[in-house]
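Q: Please build the complex by placing chain B on the supplied structure of chain A, with the hints as guidance.
Chain by chain, the residues:
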Amino acid sequence: EADIYQTPRYLVIGTGKKITLECSQTMGHDKMYWYQQDPGMELHLIHYSYGVNSTEKGDLSSESTVSRIRTEHFPLTLESARPSHTSQYLCASSDPGTNNEQFFGPGTRLTVL
Amino acid sequence: DAKTTQPTSMDCAEGRAANLPCNHSTISGNEYVYWYRQIHSQGPQYIIHGLKNNETNEMASLIITEDRKSSTLILPHATLRDTAVYYCIVRDSGGGADGLTFGKGTHLIIQP
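Heads up: the protein sequence lines correspond to chains A and B, in order. Sequential numbering of the first sequence, starting at 1, is according to our numbering. Sequential numbering of the second sequence, starting at 1001, is according to our numbering.
In case anyone wonders, no lab produced these hints; they're calculated from the structure. As the structure is a computational prediction, the values presented were derived from the model and not from experiment. Just to be clear, a hint being listed does not mean it is correct.
Claimed, not checked - Computed cross-link-like contacts, DSS-like style, restricted to lysine-lysine with a CA-CA straight-line distance of at most 27 Å:
| # | chain 1 | residue 1 | chain 2 | residue 2 |
| --- | --- | --- | --- | --- |
| 1 | A | LYS17 | A | LYS57 |
| 2 | A | LYS57 | A | LYS18 |
| 3 | B | LYS1069 | B | LYS1003 |
| 4 | B | LYS1104 | A | LYS57 |
| 5 | B | LYS1003 | B | LYS1104 |
| 6 | A | LYS57 | B | LYS1003 |
In isolation and in its complexed conformation, chain A is listed as follows (with noise of 0.2 Å):
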């Protein structure tokens, strides 16, 4: 069972709030990723990191930012939340030592009203 954790895992808040979604992981792998998913639809990468002090934006734009400042920890910031912002967010890291497996959190659903 995959070491990594995201909190909160559901959060509902208003318009314009400032959002942190917390991922943590436990296995010491140097990467990690956020990836965006709307209901019924497919996943999208929004950042990445090779490791600490590394962050990459991915295939999908967003206006969240990140940080890697240790190695466990990968959290994602919204500074003002919008409704288009509602979706939900998973987090993943892995490592080439395990053919770069990716191993995912349990997600953090937003709903932002």
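A: Frame of chain A; chain B shown alone:
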């Protein structure tokens, strides 16, 4: 990542083998075939991957054609808990931190 083509949905009776096809006709020599599944409202779960030889693990078997242009994921004895969306993904296993490119996948429904 090379593009893959999968059926939108499939049904399978509980206890029978579920065979999920995937076409990846533009796969290149250094690209692997990965399979993930996503049970409703959960994060995707890795199932299996292979390069050119058939592979088997405790969850499934992966059969890759000799020309590598298509593959089949086999769940030998499907249970109701196998109902999920199954994604076939082609990617280079070697390098970079690039994420996975998920298509629409196949919605497999196991019927009791």
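Q: Now, for every hint given, state plainly whether the structure supports it.
A: Tested hints:
1. A/LYS17 with A/LYS57: holds (23 Å)
2. A/LYS57 with A/LYS18: holds (20 Å)
3. B/LYS1069 with B/LYS1003: Measuring from Cα to Cα gives roughly 11 Å; hence the hint holds.
4. B/LYS1104 with A/LYS57: holds (22 Å)
5. B/LYS1003 with B/LYS1104: holds (11 Å)
6. A/LYS57 with B/LYS1003: holds (21 Å)
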